[in-house]
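J.: Each protein sequence line maps, in turn, to chains B and E. First residue of the first sequence? That's 6 in this note's numbering, and the numbers climb one at a time after it. First residue of the second sequence? That's -18 in this note's numbering, and the numbers climb one at a time after it.
In case anyone wonders, no lab produced these hints; they're calculated from the structure. Possibly wrong hints are sitting among the right ones.
Claimed, not checked - Examples of chain E residues lying across from chain B (beta carbon under 8 Å, computed): (1) 145; (2) 147; (3) 149; (4) 160; (5) 167; (6) 344; (7) 410; (8) 420.
As the structure is a prediction and not an experimental result, all values here were calculated from the model. By construction, the Cβ of each residue, glycine as well, lies at the ideal position given by its N, Cα and C atoms.
So the chains spell out like this:
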Amino acid sequence: MTNAVLQIVALTFRYEDMQMCFDLDVERGEFVAVMGPSGAGKSTLLSLIAGFEKPLAGRVVWEGTDISTWRPADRPLSILFQDNNLFAHLDVFTNVALGISPSAKLNDEQRKVVATAIGRVGLTSYAARLPGELSGGERQRAALARILVRRKPLLLLDEPFAALGPALKKEMIELVKELQVELGLTILLVTHDPLDAKVAASHTAFIHRGRILAKRKTEELFKSRDIPALRDYLGET
Amino acid sequence: MAQRDEPVDGHRTAIVAAWVVTFAIAAIAVVPLLRLATSFDSPGAMSLFEPYILGILRFTLMQATLSAVLSAALAIPVARALAKRQHFPGRELLLKLFAVPLGLPQLIAVLGIISVYGKEGLLNDLLAAAALPLLPAVFGLKGILLAHVFFNFPMAVRFLLARLETVPQENWRLAASLGFRPVDYFRHLEWPNMRLALPGVFSLIFMLCVTSFTIVLTLGGGPQATTLEVAIYQALRFDFDPALAARLAGLQIALCALLLLLLQRFSVSVATPPRLRISVMRPDGDDSHGRLFDALAILLGGLFVAMPIGAVLSDGLGADFGRLLGDQTLWRAAGWSTVIALTAALLATTAAATLAQAIARSDARRASVFRLAGNLVLLIPPLILAAGAFLIVHQNFDPQKSALFAVIIINAMMALPFALPVLEPAFRTSFETHERLAASLGMRGFSRFRLIEWPTLKPSFALAFLATVLISLGEFGVIAFFGSERLITLPLLLYQRIGSYRFNDAAGVALILLLLCLALSLLIERKMLFATRPPA
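Working from the sequences, and respecting the hints, build out all of it.
T.: Quick look at the structure:
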């Protein structure tokens, strides 16, 4: 019996001529970096967990329940992409409000929740702005505010900070870690940058050609010498 | 850029050639206008807004407004459904079908529409079989709107669909994960995006319908349903009233200028139809919500476009080809159609290439002059050029001999705005890629064109040429002015056969013309994949 809150069991998918099969256990409150070269299947894994793609076989299990046939909206998770996390023609407030109701029609109490979340990510004075009027970092903050109001226990991060400069990226990772503590989130972060894993993640999984070769504590993984593909990836021979 | 202006030497020929083309175009446009203007008698100016002319103006605007509103409104549910449902069988075929009307001679569509919606058409056969009340004749405003919507609704669908395809994939996924219902998709994603494309689509269709000639001439069926262009034609060909024609032409040019100003704001053009992506992932694509509605929208939209084309095909197969092929007139028409289309296309492509080459080597101001030259015919409709040329030819030359030249030149002018947008970006890309290397090697003039531009631009040339052939092949307005027993083209023959109620022969001619145009369209579609395309 494992005490993993999220179990990926033989989750199979085919993209062009690449066959992928993922196995992964994640415990509650872990911050797992899913690291690997581009084309290894990192984003596909997140799409399968989120329900945007249908697996050929296998299961996604959350707290003992197989959720792999659930609609994306019913799954206990939020997702943050690298780009386009906001609807371009809606202001920040409405974009966040969509996290509470898809019609964006809120009562007073809900409006307060939205305003608080926007304040929490430091965008109070930007609530009426359109995404196009914000910087890249501010847009990702706004998307985080929506994740705050959704209150889903699992957070999937699909290289959301890859386009940001080093200082901004660090700041965003700090913010995510704070939110993780406040909300008790379990987090999967997809990245091709080993530094992200080192800075952010308690655990790191290494993904290679559609398979997860290992998942260990981050420091341990970077010290491991038993995975040749990982040594090649990191450029350490 | 300073670097761009330094090697002026190597570009002088290109620029001079473009100025020659520009002045030639200006002359071709201005001379007929001047001829029309001399007919503009002074009492004419007073009666510019007499009730007869006002009535025509009102009808022109009214039918164009209705056509644009109907086309755009019907396109919304169909584009929405097509964007959402990415995987039903026949989707790609349907998108190809929606590209067909754009390259279809208008007379063929008219014939197809009569065959489907006419008094003895397919629909009335069905209604009669079901013992339901029959549809009235398809002439007048009804017929004009049907034909205009047939042409423009599929184009509107393509524009709206292309717009929906610019919505980033993440937005659709986000919507799925936020639990959007179909109404939320429409409110937050589909409608806001389609709304951005609608003003451009609407004004483009409006413009096309304001200058619509063939459809109004054949389906209008009377003085109550006449547009400015048809009135100009009738004033000259039937009443020989140059003064009236001049007044109508002045009004039409003013109207076109106003509409062009409007269109510029939206940067849409029939010449550059949007490219559609093969497939966009839609997590909600298999959603059963509204599946029936979407299926119905797609089915009806597809049938609306397919039926008239299918009717022309099936009527045509029933034609007596034995007799038709023995008819000397058919062969003469086919011969002149080929000669006119090929010559006009060659002229238009050469002129467009000359302009495009110079535009790539010019600063913004000079480029805009050359571009204006290429698009002049949008400002001065070909029918008005034809009207002016008609007066010149008939009063100063032997019409038998000079009509052919007038037809070819005006056809070439007409095709220019379609050839230029194909060649201009291709030349610009080629220039930006090769300029420095070519300059450093000292390559210039024709040898540079032969070694550098031609090999990379061949696909674009082919595309521009084919597109202009297609336009000339289906052209009817200009030949309606200049056509005679001797000078006849396939569309004119088709018109005469319809006019003399020889529908069996008309169906045969229509089939031949349709197959020619479909083959060309398919070839163009394939060439598109190889030619350099401007970013959508």
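J.: Please go over all the hints and tell whether each is borne out by the structure.
T.: How the hints compare with the structure:
1. 145: Given a least distance of 14 Å, the restraint on residue 145/E is violated.
2. 147: Where the cut-off is 8 Å and the nearest Cβ of chain B is about 10 Å from residue 147/E, the hint is violated.
3. 149: holds (4 Å)
4. 160: holds (3 Å)
5. 167: violated (11 Å)
6. 344: Violated: closest Cβ of chain B sits about 30 Å from residue 344/E, beyond 8 Å.
7. 410: violated (27 Å)
8. 420: Constraint on residue 420/E not satisfied, violated at 37 Å.
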